[in-house]
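Sequence lines, in order, name chains A and B. Here the numbering used here is used: position 1 in the first sequence is 1, and no number is missing along the way. Here the numbering used here is used: position 30 in the second sequence is 30, and no number is missing along the way.
Check before you lean on any hint, since a few could be wrong.
Unchecked claim - Facing chain B, a subset of chain A residues (Cβ under 10 Å, in silico):
| # | residue |
| --- | --- |
| 1 | K70 |
| 2 | K106 |
| 3 | M112 |
| 4 | G145 |
Stated by the list, open to error - Taking beta-carbon pairs under 7 Å as the criterion, some of the chain B residues facing chain A (in silico):
| # | residue |
| --- | --- |
| 5 | L27 |
| 6 | S29 |
| 7 | F31 |
| 8 | S45 |
| 9 | G47 |
| 10 | S49 |
By construction, these hints were calculated from the structure, which means they are not laboratory data. Even for Gly, the Cβ is constructed at its ideal location relative to N, Cα and C.
Here is what each chain is made of, one letter per residue.
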Amino acid sequence: MKFKVVFLNLLAIVAFAIPAFAHFQMVYTPEIAVNKGDQTQLKLVFTHPFEAGHTMDMGVPEEFYMLHQKGEEGKTKKVDLKSYLKPITWKSLTNSGKAYEANLPKKIVRSMGDYTLVLVPAPYFESEEDVYIQQITKTYMNVGGMPGNWSVPAGLKTEWIPLVKPYAMWTGMTFKAQLLSSGKPVPNADVEVEYMNHAPEMKKNGFAKKANSEAPQDAFVTMGIKTDAQGYIEFAVPKAGWWGFCALGSGPDKEFKGKELSQDAVIWLKAVDMK
Amino acid sequence: MRKMTAKIIMVGLIVLSASAAFAHSPLCSCFDNGDGTVLCEGGFSDGSSASGVRIFVKSESEEVLSKGTMNESSEFEFKKPEGAYTVTFDGGEGHSIVIDGSDIVE
Ligand SMILES: [Cu+2]
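Construct the complete structure from the given sequences, taking the supplied hints into account.
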């Protein structure tokens, strides 16, 4: 009898442990602020970045493109990147999952200015919760230090609008962004924040075993913050590296294939130590 | 007399705003298009346009091989010279950049 109680307890712990590690759609490349534009490799991975844990299988992305703008008065150029996608297998510390890479030739990323990479992935079916998850994700790159359209909405169903350049963050700086759904601010939304704790290894298509940081408790693995009445968040970046912000279910689409859909907005920033 | 003061003040304002517009650094980047032409693009670190900024392409002996201004999209294209050359992005005093032709690659 006592045995049974212990067993149930264990089950409860396991069941609670799962949602503690948040899903994050990554659009990753090691350097996002470069002096000269050059051939760029991107990795698209749907995973749990802090733990470098379970990597989910991605379907064929619905949309993948970049918005390039040179100078604040420049014209925004949309470049479809779907033709550069190649399926890969990404190794987490616990499994392997279907992911994508894209090798962007120099000719499309050589120009100065901002590049907003936009990924609208295929909804992912999470069987344990019986829901679909679709994380619309933005990652920024800049060439030559010339600003462009980094603060301009991309017109996505749901998205983060940064108020600080996400590619020019020193460690310790405060990041500020506004959450939009169909172009309107989303107040009081739940936002998960995770640190990319294991460096992605471009050649190995997997995470490094070594962790950069250790969480004293689960709440530090996935931090929780909320948007204010105008949909803004602020976050002082405590450590160099990549930080992901995910607004849960902020998008207008609530259903996919007859099941509940969580349409999330993800944005990534990279912080660099001052030397 | 009144009018004159107004005029002076206006001139003062223009100068002030002009120098404020220069409180940023110039940026210029050139690429060899691989077809005998070179494309340079310019701008300023605050995102302002380089449209109208003068460009000089000079030989080793400082002879001007071609010159012009950056177009509406802050670009200037020229025929790649035979020998060694430099490109000067002339954004005004303290805002010029000289790029060595040997650094301009495809
Ligand atoms: Cu998960």
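A quick look at each hint next to the structure:
The beta carbon of A:K70 comes within 6 Å of a beta carbon in chain B, closer than 10 Å, and the hint placing it at the interface holds. Here the hint on A:K106 is kept, as its CB sits about 8 Å from the closest CB of chain B, short of 10 Å. Of the supplied interface hints, the one on A:M112 holds, with its beta-carbon coming within about 5 Å of a beta-carbon of chain B, less than 10 Å. Hint status for A:G145: holds, given a least beta-carbon distance of 6 Å to chain B, under 10 Å.
Contact between B:L27 and chain A, as hinted, is supported at the beta carbon level, the nearest pair being about 5 Å apart and thus within 7 Å. The restraint placing B:S29 at the interface with chain A holds, with a minimum CB-CB distance near 5 Å, inside the 7 Å limit. Look at B:F31: its Cβ gets to within about 6 Å of chain A, closer than 7 Å, so that hint holds up. The interface hint given for B:S45 holds, since its Cβ lies 6 Å from the closest Cβ of chain A, which is under the 7 Å cut-off.
Because the smallest distance between the Cβ of B:G47 and any Cβ of chain A comes to about 3 Å, under 7 Å, the interface hint for this residue holds. Against a cut-off of 7 Å between C-beta atoms, the interface hint on B:S49 holds, since the closest Cβ of chain A lies about 5 Å away.
Violated hints are absent here; each numbered hint is respected by the structure.
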